[in-house]
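In order, the protein sequence lines correspond to chains A and Z.
Position 72, counted from 1, in the first sequence is what my numbering calls 72; the numbers after and before it change by one each time, with no gaps.
When you read off a place in the second sequence, starting at 1, and then add 1000, the result is the number in my numbering.
For the record, the hints were derived by calculation from the structure and aren't laboratory data.
For each residue, glycine too, the CB sits at the ideal point set by N, CA and C.
It is possible that some hints are incorrect.
As the list claims (entries may be wrong) - Dumping the calculated SDA-like pairs for lysine to any residue here, alpha-carbon to alpha-carbon at most 25 Å: (1) Z/1187 x A/188; (2) Z/1279 x Z/1185; (3) Z/1187 x A/129; (4) Z/1187 x Z/1042; (5) Z/1201 x Z/1328.
Unchecked claim - So the derived list for chain Z, only partly shown, Cβ under 7 Å to chain A, looks like this: (6) 1069; (7) 1072; (8) 1075; (9) 1076; (10) 1080; (11) 1082; (12) 1089; (13) 1090; (14) 1103; (15) 1106; (16) 1107; (17) 1129; (18) 1132; (19) 1136.
Below, each chain spelled out in residue letters.
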Amino acid sequence: MADPAHEVWAAAAPLWGWAVESARWGWQNLDDPVGPLLAEHVLLSYASVLIGLVLAVPLGVLSVRYRVVYPPVLSGVNALYAIPSLALFFLLLPYTAFSPWTAIIPLALYTLAILVPNVVDGLNQVPDHVRQAAAAMGFSPLRRLLQVELPVAVPVIIAGLRVAAVATISMVSVASLVGLGGLGGVILTYGFARNFAAPVVVGITLSVALAFATDGLLVLAQRALTPWARDRGPARRGGRGLAVRRRATAAARAGEKGAL
Amino acid sequence: MITFEGVTKRYPDGTVAVDDLDLTVPSGHTTVLVGSSGSGKTTALRMINRMVEPTAGRVAIDGDDVRGQDPPVLRRSIGYVIQQAGLFPHRTVADNIATVPRLLGWSRRRARSRAGELLELVGLEPEHADRYPHQLSGGQQQRVGVARALAADPPILLMDEPFSAVDPVVRAGLQDELLRLQDELRKTVVFVTHDIDEAVKIGDSIAVLRPGGRLAQVDRPERLLADPADDFVEAFVGYDRGVRRLSFFPARDLPLRSDVIVTAGDTAADARDVARRAKEPWLLVVDSRRRPLGWVAAEALAAAADERDVADLDLVGYGHVFTVSTDSLRAALDAAVLSPAGRAVGVADDGTALGAVAQTELGAAIWAVGGDEHTGAVSRHG
Ligand SMILES: Nc1ncnc2c1ncn2[C@@H]1O[C@H](COP(=O)(O)OP(=O)(O)OP(=O)(O)O)[C@@H](O)[C@H]1O
Ligand SMILES: [Mg+2]
């Protein structure tokens, strides 16, 4: 009669060896290529999300102010999202060659499908009496937007940023097919191309860790930026419900995209 | 002074919210707009600070058409309080209060210290300053709303059902507070409410709007209750307006009987003498500091042993009392109706009993003011 614990250990032993081997490979190749490619991964994903946010805020603001604008904007960003990433990378190659823009432009456009609806939801959940009170206090429309509406929308916008950031970090790797994939390069060039498992494990692990760390940073940013939204009662439920729903759909879509 | 001259508001969908309104709101007074839901009260109010633009006619402040001023600039000189307070959830209480001063370009320091003054003025503790609105009760939020509206010391204050989302006890407290503030500050207040009791309590004058946004009557509260212009106003002020109107007549002239008072320590035999002399079926027992303890019935005295202390007999609760110098006939009537002895106990400001008044004497006093609608009414700020 075999000891079940022993069986588990026996099965895990090769995995453990694998992990040790991968860690050793990663450590030995930290200066080249792991470190630089990790840095590239950070640069590509962060730049894409940041540019996406810079585009999404005005698009969201316009969509809320002029309701007729929102349906076409939403269809537009969704259509962009439907284009396979690889196709976009190759489409851009003649213009941007192997500069980072070849990866950043498509990735930034993809984040819009998540961020624009979040900015719109965030602005729409600003209570009407708050908006009215701001107008009645004598805020000009621009000041009201910058000092009342956008700050109140921040929790919902950051919820969207978290989904967009994680999705983008996972998608960057695809750009390694055009030589720009950050950790995707570790997986593809050093792993699959040479039929060597350690780089694949290292690439995937670091990519997941980066996603977790980024998400954690955004949670911290949210706490720092919105001390007022902590442990809020009923007032927050509407906004958060909306954000959670949005996150759920956005995560589902991000999943599809990652599988591409 | 705010004047509406032939003001009409027709919304794009054709709804006429305010119809040819002529109304003058005197400076330093509180004018209340009442009317059923949809009668255009909010619309009328918002035409003052240009949140709504009239379709016809003009709204002027001290003779100048409000359309002569840029809306944000105009609004910084007009305080505005709404039902849900409309506080900014992302700003602390102090920053909420400092909103308009900051918009006017005051330094952070000065705005902050002004916020501190206002917290005190509306009766909040200094430690509330750094809380966020969701950490306050509804009544406290409403106080912050009032403080925020007053922060830049605007001459005009617009209030749209500011107290209707809080419970009746808190509401009564906020109303008293507003009256106290108004005594001190003398703003030109336009106050919207559904509640005729609130209107009567708060208003120097009341404007009743009927559905369709037409003005039905403008008058001082006591005049409105005494002499409604038509059936609509009469129905609106309620069929118990006669009783309500008593709140405008002072209780101080009521004939109080002090010969029905016996003090703890007196014996039942003494008390029987007092009752016989006063020819009253009830005596009021007070303690050694003349605070009321309760009523004792003459029958109970008859049955008691001569040497018993009156305070040890079965006393009947005296319900609530009225303060002779400040309360109205309405309060006295209420105290008499609720008293098991059918008599109201009148007390001095320090709570000591001055005497009692029976329903018959009250009835005579009420009858006396009922026949006369002008003289004797208490002036609000008198
Ligand atoms: N923006 C708008 N567009 C169209 N109609 C409106 C608008 N605002 C108000 N109305 C209509 O104008 C009428 C008066 O509305 P208003 O809000 O001034 O009434 P109110 O007396 O304040 O009512 P309530 O006591 O319920 O607050 C109502 O019939 C309302 O439906
Ligand atoms: Mg209203």
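Each hint, compared with the structure:
The hinted pair formed by residue 1187 of chain Z and residue 188 of chain A fails the criterion: a straight-line CA distance of about 75 Å is larger than 25 Å. The suggested pairing of residue 1279 of chain Z with residue 1185 of chain Z is violated, with an alpha-carbon distance near 51 Å, which exceeds 25 Å. Note on residue 1187 of chain Z and residue 129 of chain A: the hinted pairing holds, with a Cα-Cα distance of about 24 Å set against a maximum of 25 Å. A threshold of 25 Å between alpha carbons decides the hint, and for residue 1187 of chain Z with residue 1042 of chain Z the separation of about 19 Å falls inside it, so the pair holds.
About 12 Å separates the Cα atoms of residue 1201 of chain Z and residue 1328 of chain Z, which keeps this hinted pair within 25 Å; it holds. Given hint, residue 1069 of chain Z at the interface with chain A, is violated; its Cβ is 11 Å from that chain's nearest Cβ, farther than 7 Å. Given the 7 Å rule on beta carbons, the hint for residue 1072 of chain Z holds: about 4 Å separates it from the nearest Cβ of chain A. Hint status for residue 1075 of chain Z relative to chain A: holds, with the closest Cβ pair at about 4 Å, below 7 Å.
Residue-level restraint check for residue 1076 of chain Z holds (minimum Cβ-Cβ distance to chain A is 4 Å; threshold 7 Å). Hint on residue 1080 of chain Z holds. Least Cβ distance to chain A is approximately 4 Å, under the 7 Å limit. Nearest Cβ of chain A to the Cβ of residue 1082 of chain Z: about 6 Å, under the 7 Å cut. The hint holds. At its closest, the beta carbon of residue 1089 of chain Z sits 6 Å from a beta carbon of chain A; the interface hint therefore holds under the 7 Å criterion.
Checking residue 1090 of chain Z against chain A: minimum C-beta separation of about 5 Å stays under 7 Å; hint holds. For residue 1103 of chain Z, the interface hint holds, since its Cβ comes within 7 Å of a Cβ in chain A; the closest pair sits about 5 Å apart. A hinted interface residue such as residue 1106 of chain Z counts as satisfied when its beta carbon comes closer than 7 Å to some beta carbon of chain A; here the least separation is about 13 Å, so the hint is violated. Below 7 Å, beta-carbon pairs count as interface contacts, and residue 1107 of chain Z has none with chain A, the closest being about 17 Å; its hint is therefore violated.
For residue 1129 of chain Z, the shortest C-beta to C-beta distance to chain A is roughly 14 Å, which exceeds 7 Å, and the interface hint is violated. The criterion of a C-beta within 7 Å of any C-beta in chain A is met by residue 1132 of chain Z, whose closest approach is roughly 4 Å, and the hint holds. With 7 Å as the threshold, the beta carbon of residue 1136 of chain Z stays out of range of chain A, its nearest partner Cβ sitting at about 11 Å, so the hint is violated.
Hints 1, 2, 6, 15, 16, 17 and 19 from the earlier list are contradicted by this structure; the remaining hints agree with it.
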